[in-house]
Structure formats: structure tokens, C-alpha cells
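Just so we're aligned, residue 1 is where the sequence shown starts under full-length UniProt numbering, counting upward by one.
Simulated from the structure, these hints should not be mistaken for lab results.
Be a bit skeptical, because a hint or two may be false.
Unchecked claim - Pairwise CB distance ranges (calculated):
#, residue 1, residue 2, range
1, GLN170, LYS255, 44 to 50 Å
2, PRO107, THR83, 38 to 44 Å
3, THR167, ALA136, 56 to 62 Å
Backbone N, C-alpha and C fix where the C-beta goes; we use that ideal spot for every residue, glycine too.
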Amino acid sequence: MQQESIYNLIPKEYVPPPKEPMYRSAYPSGLTPTGSTFNNHTTSRPKVNNINGEFDLVRGPHSHKGQSNSLGRPKGSYKPDSTMFRLKNTGTMGSNQLPEVKQYKYPPSVRPPVPKKDEKPIHGLKSNKNYIVTNAVENILSAPKQIVDDKQWTEKKDYGKVPDYLTKIQQSISSEYEIIRNMHISEAEEMDKQKYLMTQEEVEQLKKGLKKKWESVNKEYQSITHIRMIDTVGLKRKKEQCEKELAQLEKDIEKLNKNYVFVDTQK
């Protein structure tokens, strides 16, 4: 910490700090970028290049640097040419002569001219005309308007006939209805083909088989119902299964009592 002293009132001479040396990279300025596609320009190498970050790439048939692919043109190309300067009569105008001066003409005015100071308007004109009476007399004496006869639409050639576009629309609608009707008929025929009519012998044979099945299930069910205490899960499930089977068999036997029995072959 600087202590207080009377000598500090005297300004000290400024000593500039030493200038640091200019920074120079340890890598060369023309180092090719790593993992870039810029190195493959004008070459036959695919994808990225210089993955290892090498300083000098292996030269191929083409160099990755073009002639003018740097910051600006090559050295020496900016040197001025002493022969290229603006010569006489080579400007944009073609010559140093000014165009001919022409007198400007104003376009003709559409408005009427301003009256002069000697042209005074006529004052004091009065009219005793009664416009209300005059208008009434003109309307009374005017001839009535001629009513133009309307065209006789009933005398047209196509009067009372259906237009052609309505006929076409009706035909298209009827054809669509016919196609839909044929589709329904074909579907109904396909459904009829899938059904099979059982004969009376087949129905009787099926009834006998269902009755035998019903008797066997009923016998098993009766053996379970005589038990006083159904206290196990297996017996409960067996009883419920027998009840479902008996109900289903009774429904099937009732369906076979009809006059005609069809069988769906698709199921």
C-alpha cells in the first residue's frame, strides 16, 4: 500500500510499458483444414480429408488449391497498367459536345383561360319563372311512355320440353341406381349360395345326438345337485358349466324343431 508523502504531489514521468512481441502461430499459415471437404476441391478424393491433421497432404494428380483461390488475386496482378487510361472521346457520352438546347413548350391547358380585368360578368339578371307550375304542366302535357311488348315465351320452340342437361343427369342417376341394385342382388345370391338346407334325416340325426349329449350332461349335473354342501371351487365351476351346456343344448334342439333348417357354410 502506498503511503502518504509530499513527494507524491510531483507528477512522475510516464514510462510506457514494453511492447509484447507479435504473436506468431506455431503452425504454418497454409495448413489444410482437418476433417473438411475443402481439401477435396478439384481433386478426385471423396468425402472428408486430412482426418489426422497432417501438415502436408500427399499430393495427387490435382492440387486442392486453385490459382486464384486465396484472399484476392495472385501477387502482381494488381499492378496498374500505364496504357489503360481514359482517352479523348471515349466517355459514356461518346463525345465532349453538349446536346443542342431546345426551347421548352408547355402543353396546351384544358381549363378555360382566366377572364381579363376588362371582362366583367353581367349582374342583376332575374327570372320570374315558376318552376313548380312549369314542371307540373310539362308532366301533364307529356306523352305517356311506350310500353314495349314482352317476348312471348310460350311461342319458343323448346317451350314445355325438358332441357337436355336434366335428361342427362336423370340418365346418369338411373344408371347408378341400376348398378347399386345389381350389386345388392349379386350379394344376396352369394349369401344364398353360402347357406345349405338340411334334409329331414340329417335334422333327426342331429336331434338324437343333441339329446344324448343333453342326457349325459344332465346325469352329471344331477350327481352334483344331490350333494348337500358344495364347498369347493371345482364343484361350483363344474355345476355352472353343466348349467350353461344344458341351456345351450336346449336352445339348439328348439332351433331344430323348425320346418326348414339352414346351415351357414362360411362359419
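For each hint, the structure was consulted:
Distance hint check: the CB atoms of GLN170 and LYS255 are about 48 Å apart, consistent with the given range 44 to 50 Å. The given range of 38 to 44 Å is broken by PRO107 and THR83, whose C-beta atoms sit roughly 51 Å from each other. A C-beta distance of roughly 59 Å is found between THR167 and ALA136, which places it inside the suggested range of 56 to 62 Å.
Going through the hint list in order, the structure does not satisfy hint 2, though it satisfies all others.
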